[in-house]
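There are 2 protein chains.
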Amino acid sequence: MGRWQPNARGRLAQAAMELYSEHGFEQTTVAEIAKRAGLTERTFFRHYADKREVLFAGGSVLEDLFVRAVADAPDSAGPIDAVAAALAAADTVLLDRESARQRQAVIEANAELRERELIKLASLASALTAALRGRGVTDLTASLAAEAGIAVFKVAFARWIAEGERKDLPPLIRESLDELRAVASGLS
Amino acid sequence: MGRWQPNARGRLAQAAMELYSEHGFEQTTVAEIAKRAGLTERTFFRHYADKREVLFAGGSVLEDLFVRAVADAPDSAGPIDAVAAALAAADTVLLDRESARQRQAVIEANAELRERELIKLASLASALTAALRGRGVTDLTASLAAEAGIAVFKVAFARWIAEGERKDLPPLIRESLDELRAVASGLS
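Heads up: the protein sequence lines correspond to chains A and B, in order.
Under UniProt numbering, the first residue of the first sequence carries the number 1, and numbering increases by one thereafter.
Under UniProt numbering, the first residue of the second sequence carries the number 1, and numbering increases by one thereafter.
Please keep in mind that the hints were generated in silico from the structure rather than gathered at the bench.
Fair warning: there could be bad hints in the mix.
Just so you know, same-sequence chains aren't split out, so a pair can sit in one copy or run between any two.
Stated by the list, open to error - Straight-line alpha carbon distances no greater than 20 Å define the calculated EDC-like cross-link-like pairs of lysine to aspartate or glutamate that follow: (1) Lys-167 to Asp-139; (2) Lys-35 to Asp-50; (3) Lys-154 to Glu-18; (4) Lys-154 to Asp-168; (5) Lys-35 to Glu-98.
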């Protein structure tokens with residue numbers, strides 16, 4: 001182990017994102033990321049399995065957060081309220097809109113990364129479904145509440161990072177939830 | 001062009017599915033598929049771009065069907081009713097539960113195919129969103145109605161191909177739609 005590197009993980013993430021934006025994800029090497037961060041490749045691999053993980057590590061944090069929020073929702077909360085509580089917690093991870101925009105631009109530019117993003121969303125929905133089942137919610141209701149919740153999250157997140165958008169993520173999530181209710185209530 | 005081959009496309013699809021199930025997708029070659037179907041590789045490539053397309057050609061048919069059904073829904077139909085009309089048309093493409101189960105087993109066994117399936121679902125949601133916008137539905141409502149509709153479709157489809165399930169796809173879709181409405185109406 002080298003000497004202690006203050007916030008090595010954060011510095012690596014920032015360096016990676018800069019390089020992915022400047023040169024593209026595929027053209028960037030781990031050696032370049034480490035160099036830009038003023039760290040070694042060895043330090044990089046202590047924090048990330050590969051250069052793709054820099055972009056998706058936050059997804060696992062979000063998944064843990066969602067699962068915990070669903071489990072911690074009061075017993076009185078119905079399935080969609082438990083999901084709403086989970087989504088409302090997203091802004092403790094998704095703090096910085098500019099970083100989110102930058103990350104999204106990198107992902108949009110690469111087919112493999114777009115696929116990875118879809119897998120992460122599918123994994124979020126599965127984790128939410130399992131967390132709802134853990135509250136005793138039946139399979140059908142759990143699946144629909146979770147999938148609808150991820151739909152709400154996708155739509156709110158896309159608005160949040162859209163150019164010119166000024167509203168914060170939590171009110172956008174709330175608007176999407178209300179819109180989901182309005183849309184679903186229109187069913188004949 | 002060789003002599004006319006009756007239902008060459010269907011025979012190739014059936015041969016491919018048999019071989020994918022027996023030996024796995026990766027282990028199967030186009031030459032083997034053509035041979036099993038009693039046709040030539042050249043005939044295969046007149047019908048399919050590659051061996052993956054055999055599994056996903058139906059997705060494009062479904063997408064066209066959904067888009068047309070949304071466009072053709074009566075002017076009086078609200079967004080979710082237009083989406084419901086689209087989903088209700090799915091069983092004109094998804095006729096055979098056993099084939100759907102066989103296809104799903106092949107896809108589940110291969111990471112690349114699972115990713116492709118997620119991309120197809122995301123593409124279906126985008127196409128539905130665009131079709132709703134074409135009816136003058138606002139962006140937020142169109143996105144949520146489309147994404148929620150695909151969530152309903154995913155859940156209903158998974159139930160349809162589950163072992164032991166006897167209900168047909170249309171009633172399962174209707175149950176999922178009703179459950180979506182029930183779930184969303186519970187929002188505090």
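Going through the hints against the structure:
Within a single copy, Lys-167 and Asp-139 get their C-alpha atoms only as close as 35 Å, which misses the 20 Å cut-off; across copies the closest is 16 Å, which meets it. For a Cα distance limit of 20 Å, the shortest separation of Lys-35 from Asp-50 inside one copy, 15 Å, qualifies, whereas the shortest one across copies, 42 Å, does not. In this assembly of identical chains, the alpha carbons of Lys-154 and Glu-18 never lie at most 20 Å apart, being 25 Å within a copy and 37 Å across copies at closest. Proximity of Lys-154 to Asp-168 under the C-alpha cut-off of 20 Å is restricted to the intra-copy arrangement: shortest distance 15 Å within a copy versus 30 Å between copies.
In this assembly of identical chains, the alpha carbons of Lys-35 and Glu-98 never lie at most 20 Å apart, being 23 Å within a copy and 55 Å across copies at closest.
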